[in-house]
Amino acid sequence: MIPTRETFGNIPPASILLFYLLTIISLAIFAHGVWRRFKLWRQGVSIDVEHLFRGGFKQVCARLKPGLLRLWTDALGQQRVRGRGLASLAHIWLFAGFMMLFLGTTMLEVDNIASWISKSLHFHQGTYYVIYEFTLDAFGLLFLAGCVMFVWRRTRRPPSLGHNAADWYVLISFLAIGITGYLVEALRIVWQQPEGIGAKCSFVGLWMAHWFSGLTEAGARSTHLVVWWVHSLLVFLFIATIPYTRLMHIILGPLNLFFAPAVLGRMKPITMEEVEQTERIGVAAIEHYDQQQLLSLDACMECGRCEEACPAFASGKPLSPKRVVQDLKGLMTANLSLVAPAAAAGAPGAKSFLRALHDETILAETLWACTACSACVQVCPVRIDQLTLITDLRRNRVGEGALSGTAATALRRMQASGNPWGLPPTERGNWAEGLRAPTVRENPNFEWLYWIGCAGAYDRRAQRVARAMVKLLNHAQVNFAILGREEKCTGDSARRLGEEFLFQELAQANIATLTKYKVRKILTHCPHGLNAFLKDYPQFGGHYEVVHHSQLLEQLIAAGRLKVPAAASGADAITYHDPCYLARVNRIHDAPRSVLSASTKDLREMGRRREKTFCCGAGGGRIWMEEDPKQRVSTLRAREALGTGAKTVAVSCPFCLTMMTDGIAAQSSTTRVLDIAEILADKLSLPD
Amino acid sequence: MKILVPLKRVPDPDTKIRLKPDGTGVETDGVKFSVNPFDAIALEEALRLEEKLGEMDIVVVSIGGEASIEQLRVGLAMGAQRALLIKTGAALDSLAVAKILAAVYQREQPDFVLMGKQAIDDDANQTGQMLAALLGIGQATFVSRLELVEQRTRARCARETDAGLESITVKLPAIITADLRLNEPRYVSLPGIMKAKKKPLEELELEALGVAAVARTTVLHYEAPPSRQAGVRVPTVEALVDKLKNEAKVI
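Residue numbers (our numbering), protein chains in the order written: chain A, 23 to 710; chain B, 458 to 708.
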């Protein structure tokens with residue numbers, strides 16, 4: 023006998039009819055739930071989805087490819103779900119089980135339709151059947167195991183995890199669906215009495231069938247029908263409630279993964295024409311976000327990873343990326359689902375029910391607490407871009423003149439003097455006094471343009487980094503030049519503070535200067551400058567080969583142009599702090615370590631490192647803001663660095679240098695904070 | 458409530474000042490101009506009062522050529538409701554400016570005037586005091602904290618003096634001049650200035666105010682301070698004492 027089982031075996035025709043009727047009803051409720059939210063996202067600024075499908079086949083494929091790849095790795099591959107211990111494992115198991123059961127059920131229906139067309143098309147039998155039953159039974163166990171782990175975790179959930187009563191419903195109903203599924207199988211085995219491999223392939227059902235060995239065939243059949251209905255009704259309830267519970271992420275997670283921007287550290291430019299046309303800058307009301315951004319708000323399932331990764335939250339500031347997303351979602355629901363349509367229909371006074379976005383939903387303290395470190399964006403399993411949600415709001419606040427204080431002063435100075443300290447542009451080259459650091463005019467045939475940046479040029483401490491670097495470059499006989507007083511602030515912190523037009527002014531001035539001197543290769547010790555050249559400037563026509571000084575130093579050591587004496591085994595222990603805009607945003611973390619390991623045999627790592635580094639607190643323009651001493655991000659990071667026991671904390675960013683120096687000084691008087699270039703120059707005994 | 462805030466057009470504090478070779482004035486070619494920072498602080502304080510107490514009528518006024526419109530626009534972009542330009546090409550001194558502002562005061566009848574304690578170009582620090590005298594009303598100068606009290610009929614101010622902070626209460630209307638630590642003004646962006654173009658900006662010839670602007674003082678000559686000599690590092694305390702005694706002859 024060929025192993026198989028009859029689809030809808032033991033189910034009377036009336037039940038089958040009712041089954042399909044309920045399928046349609048549950049799908050309709052599901053569709054209505056999705057439509058209800060879709061109507062909200064649609065009110066955002068158009069992302070022109072049709073554009074994806076315009077043009078030839080090849081063009082369309084090229085446009086769809088990145089999104090589809092993200093679906094492959096992040097949705098099916100569950101890449102971004104990893105990294106949270108048991109919870110990640112539970113999700114991957116539940117997901118694998120769910121997907122296999124979903125696929126299995128779909129295949130069952132495909133077979134059902136095929137056999138309905140022609141008996142010869144029936145394929146749910148033989149070897150296929152055996153593999154099918156075995157696989158589904160096995161994955162069903164994974165599914166249940168995942169559910170049980172989640173139930174257990176929810177009883178001891180971390181504070182970052184969102185929770186409501188419906189979450190219990192979801193998990194309990196999943197468990198019930200899984201268990202009743204096995205019971206249906208067991209009871210079917212009792213009345214069908216399959217033999218050999220045809221029975222053994224359904225191993226879980228076969229084992230459970232022993233529980234019902236006392237039943238007669240008729241008894242088994244009637245119990246089977248009842249349990250089958252319970253199972254089916256639970257499934258219909260599940261389908262219908264997807265859009266009304268956290269289960270919505272099954273749909274919106276992949277959808278957001280497909281549409282979300284995927285490059286860290288890149289911001290969307292805005293033009294003056296846009297501002298004139300729309301008469302606004304940035305996001306003043308919830309519907310000024312684009313459609314994908316509104317969709318992403320609904321894709322959030324409050325897993326809380328962003329909140330755990332956020333340095334502002336960790337230091338006690340009133341910012342949690344998860345809260346921002348949830349608050350914006352609440353505003354979207356309140357304003358766009360009821361008030362906006364009512365106002366559009368001309369209901370008198372409807373507008374007075376609109377909740378304000380700024381200062382009511384998102385407070386100024388929240389908005390300005392962000393360091394733009396991108397940790398939240400990086401850890402979000404569905405690629406919600408919390409940072410852009412925030413910077414879009416900042417753009418509006420800056421445009422409306424709502425930014426005051428020291429950050430406002432820094433912006434004014436960038437505009438007037440081309441540097442945030444407001445020091446004379448004519449003194450920008452003073453740091454190099456007494457050093458051989460030719461300007462582009464003095465050495466027009468340079469290979470590398472060494473970009474000094476505002477800190478390197480004006481900040482007394484960071485000047486020492488630039489000086490150490492120049493000595494290393496000369497020692498290795500690198501052909502380089504600097505712009506001297508023609509260099510201006512890159513505008514990085516202006517852009518991340520939301521002052522797009524000042525950034526563009528600075529970027530255009532710098533690009534013009536770089537073009538004038540035919541610069542192609544840029545070297546910089548500043549990760550913020552590096553990110554500006556790599557991600558910001560190409561948007562305005564500035565394309566360069568850019569390296570961080572750690573990368574060039576690594577090359578020079580490898581090529582033997584910097585001969586570092588072997589590190590003594592008793593040498594000082596060093597720990598290295600990864601700058602966000604180097605390690606996380608631009609994925610450069612091996613080079614600085616390789617430079618350091620030339621200087622010490624004892625390189626100690628902090629827990630949060632490389633792409634998962636923890637901010638120093640300076641990014642996103644925070645360096646220009648006053649900080650409550652009790653809420654300093656640098657204090658937390660310094661504590662972590664001191665925890666390694668190293669007496670030298672190495673950095674590779676002038677902002678980190680400032681913040682870590684302050685953070686360490688408050689806790690230890692014997693620990694030094696040095697840039698990797700200083701450590702190397704010292705090792706090579708290059709005189710100052 | 459109505460607050461009058463005068464804004465002066467001055468060379469940007471972050472640009473390096475160069476003098477004309479003949480010493481008749483400051484080189485203005487290629488120099489960026491700004492709102493006098495103390496005036497910006499005064500306007501910021503007016504805006505903060507508005508944020509705290511509810512809608513107010515904040516009027517910014519500048520005296521000078523068409524170029525001063527740029528500074529008035531900044532004031533409007535910061536949040537002032539209305540701007541007034543008193544047009545004149547004449548060279549003015551503190552008293553002349555105070556007389557013009559007194560005429561503006563009579564025309565606008567504000568509840569009080571909030572202005573910078575001094576302008577950073579000539580650093581005269583006289584206009585506010587002169588204006589109060591001309592109008593015969595009270596004054597609170599060098600204010601670093603401001604609060605309206607007694608149903609907004611008086612201003613309680615902390616004044617920065619050489620001896621420390623002095624707290625006074627002044628009856629309104631009064632002239633209040635802002636010191637550096639009163640606040641840090643908000644940032645004005647390019648789109649903000651563009652949007653502010655829609656706000657009312659009135660231009661008035663000086664003659665129309667009925668004031669004669671006659672400067673009582675004339676500047677004879679400008680010269681740059683001598684450039685600072687490089688310092689000397691002394692090896693010991695004894696050497697320092699010796700230098701102070703015998704070279705500098707200060708002890």
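What the hints contain is simulated information worked out from the structure, not anything from laboratory work. In this text, a Cβ means the ideal position worked out from N, Cα and C, and glycines have one as well. It is possible that part of the hints are untrue.
Cβ-Cβ distance ranges computed for the label pairs, FRET-style [claimed, not checked]:
no.	chain 1	residue 1	chain 2	residue 2	range
1	B	Asp-514	A	Ala-364	26 to 36 angstroms
2	B	Asp-578	A	Ala-369	50 to 60 angstroms
3	A	Glu-295	B	Glu-523	51 to 61 angstroms
4	A	Ala-590	B	Leu-697	48 to 58 angstroms
5	B	Asp-514	A	Pro-291	49 to 59 angstroms
6	B	Asp-514	A	Arg-175	58 to 68 angstroms
With a straight-line Cα cutoff of 20 angstroms, these simulated EDC-like cross-link-like pairs (lysine to aspartate or glutamate) come out [unchecked claim]:
no.	chain 1	residue 1	chain 2	residue 2
7	B	Lys-654	A	Glu-295
8	A	Lys-141	A	Glu-28
9	A	Lys-510	B	Asp-469
10	B	Lys-509	A	Asp-189
11	A	Lys-585	A	Asp-704
12	B	Lys-655	A	Glu-301
Heads up, incomplete: computed chain A residues facing chain B, CB under 8 angstroms, no partners named [stated by the list, open to error]:
no.	residue
13	Ile-24
14	Lys-290
15	Thr-293
16	Glu-295
17	Val-297
18	Thr-300
19	Val-420
20	Gly-423
Each hint tested on the structure:
In this structure, Asp-514(B) and Ala-364(A) meet the distance hint of 26 to 36 angstroms, their C-beta atoms being roughly 34 angstroms apart. Restraint check, Asp-578(B) to Ala-369(A): a C-beta distance of roughly 56 angstroms satisfies the suggested window 50 to 60 angstroms. About 27 angstroms separates the C-beta atoms of Glu-295(A) and Glu-523(B), a value inconsistent with the hinted range of 51 to 61 angstroms. As the Cβ distance of Ala-590(A) to Leu-697(B) is approximately 41 angstroms, the hint placing it in 48 to 58 angstroms is violated.
The hinted window of 49 to 59 angstroms between Asp-514(B) and Pro-291(A) is violated, with their beta carbons roughly 38 angstroms apart. Checked against the hint of 58 to 68 angstroms, the C-beta distance between Asp-514(B) and Arg-175(A) comes to roughly 59 angstroms, which is consistent with it. Using a Cα cut-off of 20 angstroms, the hinted pair Lys-654(B) and Glu-295(A) holds, with the two alpha carbons roughly 16 angstroms apart. With a C-alpha separation of about 13 angstroms, the suggested pairing of Lys-141(A) with Glu-28(A) holds against the 20 angstroms cut-off.
About 18 angstroms separates the Cα atoms of Lys-510(A) and Asp-469(B), which keeps this hinted pair within 20 angstroms; it holds. Annotation: proposed proximity of Lys-509(B) to Asp-189(A) is violated, straight-line Cα distance about 43 angstroms (limit 20 angstroms). For the hint linking Lys-585(A) to Asp-704(A), the alpha-carbon distance of about 13 angstroms falls within 20 angstroms, and the restraint holds. Straight-line distance between C-alpha atoms of Lys-655(B) and Glu-301(A) comes to about 12 angstroms, which keeps the hinted pair within the 20 angstroms bound.
Of the supplied interface hints, the one on Ile-24(A) is violated, with its beta-carbon coming no nearer than about 74 angstroms to a beta-carbon of chain B, more than 8 angstroms. Interface restraint check for Lys-290(A): the shortest CB-CB distance to chain B comes to about 16 angstroms, outside 8 angstroms, so the restraint is violated. The interface hint given for Thr-293(A) is broken, as the beta carbon of that residue sits about 11 angstroms from the closest beta carbon of chain B, more than 8 angstroms. Here the hint on Glu-295(A) is broken, as its CB sits about 11 angstroms from the closest CB of chain B, past 8 angstroms.
Contact between Val-297(A) and chain B, as hinted, is supported at the beta carbon level, the nearest pair being about 5 angstroms apart and thus within 8 angstroms. A cut of 8 angstroms between beta carbons decides the hint on Thr-300(A): the least distance to chain B is about 10 angstroms, and the hint is violated. For Val-420(A), the suggested interface contact is upheld, since its CB lies about 5 angstroms from the closest CB of chain B, less than 8 angstroms. The interface hint given for Gly-423(A) is met, as the beta carbon of that residue sits about 5 angstroms from the closest beta carbon of chain B, less than 8 angstroms.
In terms of the numbered hints stated before, the structure departs from hints 3, 4, 5, 10, 13, 14, 15, 16 and 18, listed from lowest to highest.
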